[in-house]
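Residue numbers (UniProt numbering), protein chains in the order written: chain A, 1 to 271; chain B, 1 to 295.
Think of the hints as simulated: they come from the structure by calculation, not from any bench.
Warning: the hint list may mix true and false statements.
[Claimed, not checked] Calculated cross-link-like contacts (lysine to any residue; reagent style SDA-like; alpha-carbon spacing at most 20 Å):
no.: 1; chain 1: B; residue 1: K209; chain 2: A; residue 2: E156
no.: 2; chain 1: B; residue 1: K117; chain 2: A; residue 2: Q154
no.: 3; chain 1: B; residue 1: K143; chain 2: B; residue 2: R153
[Stated by the list, open to error] Selected chain A positions facing chain B (in silico; Cβ < 10 Å):
no.: 4; residue: V99
no.: 5; residue: T142
no.: 6; residue: P143
no.: 7; residue: S144
no.: 8; residue: T146
no.: 9; residue: L148
no.: 10; residue: T152
no.: 11; residue: M153
no.: 12; residue: Q154
no.: 13; residue: G155
no.: 14; residue: I157
no.: 15; residue: A160
no.: 16; residue: A162
no.: 17; residue: R197
[Claimed, not checked] Here chain A is said to cover these stretches of chain B; the calculated rule only asks that three of the stretch's residues, wherever they fall, bring their Cβ under 8 Å from a Cβ of chain A:
no.: 18; region: 162 to 173
no.: 19; region: 206 to 215
Every residue, glycine too, gets a C-beta built ideally from N, C-alpha and C.
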Amino acid sequence: MTEQSEGQRDGVWAHRYQLASGQTQRHQLGQIRLWVTLLDMEWQVRQEPLAPDADPLTWHETVGSGMPSSDLPEQRFIRSSGDEGLVRYLPAMAPLPTVIRPYQPLTIPADGRCVLYVGNLLWMQIFLGEQQQALTEFPLATPSKTWLGANTMQGEICYASATYGRLVLEAVPIRPWRAVTPVTINNRRTKPLLLERFNLPTPLLSLHRNERGQLWTPGVVVECETDMSSASLRIEPRVTAAAGDCELIAPAREKLAKGRSLVRAFDHIFG
Amino acid sequence: MFDELQNTLMQIVGSIAWGQWLAAGFLLLLGIVLGTLVARSAGKLAENRISRHHQVMIRRLVFYLVFIIFAMAALREVGFSLQVLLGAAGILTVAIGFASQTSASNIISGLFLVMEKPFEIGDLIEVDATVGEVVAIDLLSVKLRTRDNLYVRIPNETLIKTRVVNRSRFPIRRVDLLIGIAYAEDVERVKELLLSLAEQNTVCLEEPKPFVLVTGFGASSVDLQFSFWVVQEEFLEGRGAMMIEIKKALDEAGIEIPFPHTSVYAGSHSAPFRIQLVDPEPTQNKDRLDADQKN
Numbered sequence: 001m002t003e004q005s006e007g008q009r010d011g012v013w014a015h016r017y018q019l020a021s022g023q024t025q026r027h028q029l030g031q032i033r034l035w036v037t038l039l040d041m042e043w044q045v046r047q048e049p050l051a052p053d054a055d056p057l058t059w060h061e062t063v064g065s066g067m068p069s070s071d072l073p074e075q076r077f078i079r080s081s082g083d084e085g086l087v088r089y090l091p092a093m094a095p096l097p098t099v100i101r102p103y104q105p106l107t108i109p110a111d112g113r114c115v116l117y118v119g120n121l122l123w124m125q126i127f128l129g130e131q132q133q134a135l136t137e138f139p140l141a142t143p144s145k146t147w148l149g150a151n152t153m154q155g156e157i158c159y160a161s162a163t164y165g166r167l168v169l170e171a172v173p174i175r176p177w178r179a180v181t182p183v184t185i186n187n188r189r190t191k192p193l194l195l196e197r198f199n200l201p202t203p204l205l206s207l208h209r210n211e212r213g214q215l216w217t218p219g220v221v222v223e224c225e226t227d228m229s230s231a232s233l234r235i236e237p238r239v240t241a242a243a244g245d246c247e248l249i250a251p252a253r254e255k256l257a258k259g260r261s262l263v264r265a266f267d268h269i270f271g
Numbered sequence: 001m002f003d004e005l006q007n008t009l010m011q012i013v014g015s016i017a018w019g020q021w022l023a024a025g026f027l028l029l030l031g032i033v034l035g036t037l038v039a040r041s042a043g044k045l046a047e048n049r050i051s052r053h054h055q056v057m058i059r060r061l062v063f064y065l066v067f068i069i070f071a072m073a074a075l076r077e078v079g080f081s082l083q084v085l086l087g088a089a090g091i092l093t094v095a096i097g098f099a100s101q102t103s104a105s106n107i108i109s110g111l112f113l114v115m116e117k118p119f120e121i122g123d124l125i126e127v128d129a130t131v132g133e134v135v136a137i138d139l140l141s142v143k144l145r146t147r148d149n150l151y152v153r154i155p156n157e158t159l160i161k162t163r164v165v166n167r168s169r170f171p172i173r174r175v176d177l178l179i180g181i182a183y184a185e186d187v188e189r190v191k192e193l194l195l196s197l198a199e200q201n202t203v204c205l206e207e208p209k210p211f212v213l214v215t216g217f218g219a220s221s222v223d224l225q226f227s228f229w230v231v232q233e234e235f236l237e238g239r240g241a242m243m244i245e246i247k248k249a250l251d252e253a254g255i256e257i258p259f260p261h262t263s264v265y266a267g268s269h270s271a272p273f274r275i276q277l278v279d280p281e282p283t284q285n286k287d288r289l290d291a292d293q294k295n
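Using the sequences plus the hints, can you model the full thing?
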């Protein structure tokens, strides 16, 4: 079926989009294509995955009056009276911790410090109406999983993400489907630290947007005092100054219980 | 004669303290109702903090505790002395013990099972040839629901004696696939192909790392073991999807998965069989016949 579109625009997180009955909003963001259709009695959401090696830098959004192809699997949601056709898309961090693995292991010299800029995959949450009624959520690329633990009996299931381990902010590509987290690693040991992988507590990170529309999370600081297992991790209260003026766009999925140490929550920081 | 019998009956009926018996019955009933209510509340109270297995245990314990208190009160109400009753119970236990060895053994085995906790309610276990989800752990037996939805009752004694495999104990499991490839194929290439499949498949965990082993040189094929790890809940899905992907990938790469071959020698390695080609005429004739019949 043909779609009559009303021009292609750049999609914006948390923007209030107004749809009329019979209209379909089409998005191409990250490694998925998404169609959100409003009908008299229901909302329909359809998704199609794109090639896993695609790395688009933009978010295209169009609104049209035609229905998307019926071949696509659809999710249907009964429309509530108060939504008035308003729809918002909010980003969210991964619901599980993420193991970050640099493509090439990085050695941090004794008593050295480095800041890695990591691009984290985002989930998209769809909210309806002024009441912010949650409709559904999904990742903007298919994440792979991994096991992080001392053995195959004790540990936790995490998402896995490979990173180039960029050390210069200017080299980090800014993509609307990824949020940048500056990870500071302080090696206070007398020996060099070989960084093969580390665990990022993504459910505890909030999302912030700067003036250029880029998404950032507060920085994470890892202090390695004596050995890998005694490393401590803390989340900085604010977003790094390099990001510019930022506004909170989505709170963290989980809040750390008061008095609970982050080290205990993430025992295996370095895998 | 009939009058005497009637009088005796009237005397017996008259001598029974009906009020006490009614009160005792009421106490027992109250015990059951209150026990159920208190057990349910206790289970709900701890619902979010403990596993389903412990929740069921707590509910059962609370129910029996409340019920026993009310049963004792009911016995006192009727006039039984608890001391005498407990003394009699001691003698009775010996008698009953001999009479119901199997039940007693099951009860004791059940207690050991609860203490040892080799599995919990909701776990997928394998006992002898039965694989099923544990739906109840009771005084005498454990109930399983098999994958084809059959209800299986296994006595606790059997579970203590036999080998039990708990498939749900650890969060991740390894899938081992045995693949045979033709002798003419490059094993290194097949190994790379299989590892790249594991890398692309999102059900496969990145770590522990997947691996490929050559396990033997079979009668018709080089036998490989392809192992990768999946989240326990995705075991079946992961194995099935991977087998389809392997078949597709090997077909696309032109790698042969051989069926059993048998080589027949005519007594000497060097003397080949004489082969004579037969004219495929009968098939053509058959087609013509079918066509003729239609006309």
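To see whether the hints hold, each was checked on the structure:
About 15 Å separates the Cα atoms of B:K209 and A:E156, which keeps this hinted pair within 20 Å; it holds. Our distance criterion of 20 Å between C-alpha atoms is met by B:K117 and A:Q154, whose separation comes to about 18 Å. In summary, the hint linking B:K143 to B:R153 is supported, as the alpha carbons are separated by about 5 Å, within the 20 Å threshold. Because the closest C-beta pair between A:V99 and chain B is about 8 Å apart, less than 10 Å, the hint holds.
Annotation: A:T142 was flagged as interfacial toward chain B, and the flag holds, the nearest CB pair being 5 Å apart, inside 10 Å. Interface hint at A:P143: satisfied, since its Cβ lies 7 Å from the closest Cβ of chain B, which is below the 10 Å cut-off. Using the Cβ-Cβ criterion of 10 Å, the hint placing A:S144 at the interface with chain B is satisfied: the shortest such distance is roughly 5 Å. Residue-level restraint check for A:T146 holds (minimum Cβ-Cβ distance to chain B is 4 Å; threshold 10 Å).
About 7 Å separates the beta-carbon of A:L148 from the nearest beta-carbon of chain B, less than 10 Å, and the hint is met. Using the Cβ-Cβ criterion of 10 Å, the hint placing A:T152 at the interface with chain B is satisfied: the shortest such distance is roughly 6 Å. Because the closest C-beta pair between A:M153 and chain B is about 5 Å apart, less than 10 Å, the hint holds. At a threshold of 10 Å, the smallest CB-CB gap from A:Q154 to chain B is about 9 Å, leaving the interface hint in force.
Nearest Cβ of chain B to the Cβ of A:G155: about 8 Å, under the 10 Å cut. The hint holds. For A:I157, the interface hint holds, the least distance from its beta-carbon to any beta-carbon of chain B being 6 Å, beneath 10 Å. A least Cβ separation of about 4 Å between A:A160 and chain B falls short of the 10 Å threshold, and the interface hint therefore holds. The beta carbon of A:A162 comes within 9 Å of a beta carbon in chain B, closer than 10 Å, and the hint placing it at the interface holds.
Satisfaction of the interface hint for A:R197 is found here, the shortest Cβ-Cβ separation to chain B being roughly 8 Å, below the 10 Å cut-off. For the region 162 to 173 of chain B, the assignment as covered by chain A holds, since 3 residues bring a beta-carbon within under 8 Å of that chain's beta-carbons and 3 suffice. A count of 3 residues in the region 206 to 215 of chain B with a Cβ less than 8 Å from any Cβ of chain A is obtained; the coverage claim is therefore met, three being the minimum.
Checked against the numbered hints above, the structure violates none of them.
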